[in-house]
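Participant: As they're listed, the protein sequences go chains A and B.
In short: position in the first sequence from 1, add 9, done, that's the working numbering.
In short: position in the second sequence from 1, add 31, done, that's the working numbering.
Don't take each hint at face value.
Stated by the list, open to error - Result set (SDA-like, lysine to any residue): computed pairs, CA atoms no more than 25 angstroms apart in a straight line: (1) A:K58 - B:Q81; (2) A:K58 - B:A33; (3) A:K123 - A:E97; (4) A:K58 - B:Q68; (5) A:K58 - B:G136; (6) A:K87 - B:G136; (7) B:K88 - A:G50; (8) B:K46 - B:T147; (9) A:K58 - B:A128; (10) A:K67 - A:S35; (11) B:K88 - A:G106; (12) B:K42 - A:G116; (13) A:K67 - B:G133; (14) A:K67 - A:S23; (15) B:K42 - A:S35; (16) B:K42 - A:G50; (17) A:K58 - B:F139; (18) B:K88 - A:Q11; (19) B:K88 - B:P142; (20) A:K58 - B:F76; (21) A:K87 - B:G71; (22) B:K42 - A:Q11; (23) A:K58 - B:T61; (24) A:K80 - B:G136; (25) A:K58 - B:I57; (26) A:K58 - B:E75.
These aren't lab readings, by the way, just hints derived from the structure by calculation.
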Amino acid sequence: AQSVSQHNHHVILSEAASLELGCNYSYGGTVNLFWYVQYPGQHLQLLLKYFSGDPLVKGIKGFEAEFIKSKFSFNLRKPSVQWSDTAEYFCAVNARGAAGNKLTFGGGTRVLVKP
Amino acid sequence: GAGVSQSPSNKVTEKGKDVELRCDPISGHTALYWYRQRLGQGLEFLIYFQGNSAPDKSGLPSDRFSAERTGESVSTLTIQRTQQEDSAVYLCASSLAPLTSGGAGEQFFGPGTRLTVL
Chain A
10 AQSVSQHNHH VILSEAASLE LGCNYSYGGT VNLFWYVQYP GQHLQLLLKY
60 FSGDPLVKGI KGFEAEFIKS KFSFNLRKPS VQWSDTAEYF CAVNARGAAG
110 NKLTFGGGTR VLVKP
Chain B
32 GAGVSQSPSN KVTEKGKDVE LRCDPISGHT ALYWYRQRLG QGLEFLIYFQ
82 GNSAPDKSGL PSDRFSAERT GESVSTLTIQ RTQQEDSAVY LCASSLAPLT
132 SGGAGEQFFG PGTRLTVL
C-alpha cells in the first residue's frame, strides 16, 4: 500500500524565515501530488498540485514545491513566511492506476509562525 | 456559497448508538470522498463514489461503517453501534471527474463533522 511521510510534525519559526516541509511517498509509478493547508478554524484547501510537466510548481500565497522523482519527494517551500502562514499542512499523493482516484495523506505538519 | 457542506457540525453520542453523517457536494462534482481524521493524525480514506460506478469501499474500517450516495448528490455515512475509537472528524470532499490524464484531480473539502463517542 502507498504511504506518505511528513517528517516534521511541528515547526516553529519567526516571520521572514524560510520554510521547507518535507514529503516523501512510497510508490514507484506515476503520481499526482498535492499540498493542502488548513488554517485555524477553516476547511482544508489546496495550496498547489503537480500532475505532469515542470517539476517545480507554484501555488497560492507564495508557496512552491519541487517534485524529485528519484527521491520520491515533493517538498513544500516558502522563502519568507508571514504570521498568517500559521496552519497545518498536509501532503497527499494519488498513485495513478494502483490507487484509482484515492488520495493518501501524510500525517500533517503544524506550522507556527511567531510575529 | 457553493462549497461542500456537511451536517451536523458536531455530534456527541453514546457508545452503541448509530449515527448518520451527511454531505452535500459541490453541484456538478461527480466524485465524492469520505475521510476520517483522528486527533493529531492525517486523513484516512474511507470510501469513494464516482458517478454511477460501484463505490470503492476499501477504506472502511469495519462492517459497522457504510455509506450511500444518491446519484451525484447527497451522501450519508452511517456508523452503527458506535465505539469510542470512532471519535474523529469525518471529512467529505468532492471533485470533478477523474483527470483525462489519469488519476485524481483537486478535491474540495467540507468543514467536517466532529464525532464524539462517550
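Participant: Does each hint fit the structure? Answer for all of them.
Facilitator: Comparing the hints with the structure gives:
no. : hint           : verdict
1   : A:K58 - B:Q81  : 21 angstroms, holds
2   : A:K58 - B:A33  : 22 angstroms, holds
3   : A:K123 - A:E97 : 15 angstroms, holds
4   : A:K58 - B:Q68  : 22 angstroms, holds
5   : A:K58 - B:G136 : 9 angstroms, holds
6   : A:K87 - B:G136 : 23 angstroms, holds
7   : B:K88 - A:G50  : 29 angstroms, violated
8   : B:K46 - B:T147 : 9 angstroms, holds
9   : A:K58 - B:A128 : 16 angstroms, holds
10  : A:K67 - A:S35  : 23 angstroms, holds
11  : B:K88 - A:G106 : 17 angstroms, holds
12  : B:K42 - A:G116 : 24 angstroms, holds
13  : A:K67 - B:G133 : 21 angstroms, holds
14  : A:K67 - A:S23  : 23 angstroms, holds
15  : B:K42 - A:S35  : 35 angstroms, violated
16  : B:K42 - A:G50  : 17 angstroms, holds
17  : A:K58 - B:F139 : 13 angstroms, holds
18  : B:K88 - A:Q11  : 16 angstroms, holds
19  : B:K88 - B:P142 : 22 angstroms, holds
20  : A:K58 - B:F76  : 19 angstroms, holds
21  : A:K87 - B:G71  : 24 angstroms, holds
22  : B:K42 - A:Q11  : 32 angstroms, violated
23  : A:K58 - B:T61  : 20 angstroms, holds
24  : A:K80 - B:G136 : 23 angstroms, holds
25  : A:K58 - B:I57  : 20 angstroms, holds
26  : A:K58 - B:E75  : 20 angstroms, holds
In summary, the numbered hints that this structure violates are 7, 15, 22.
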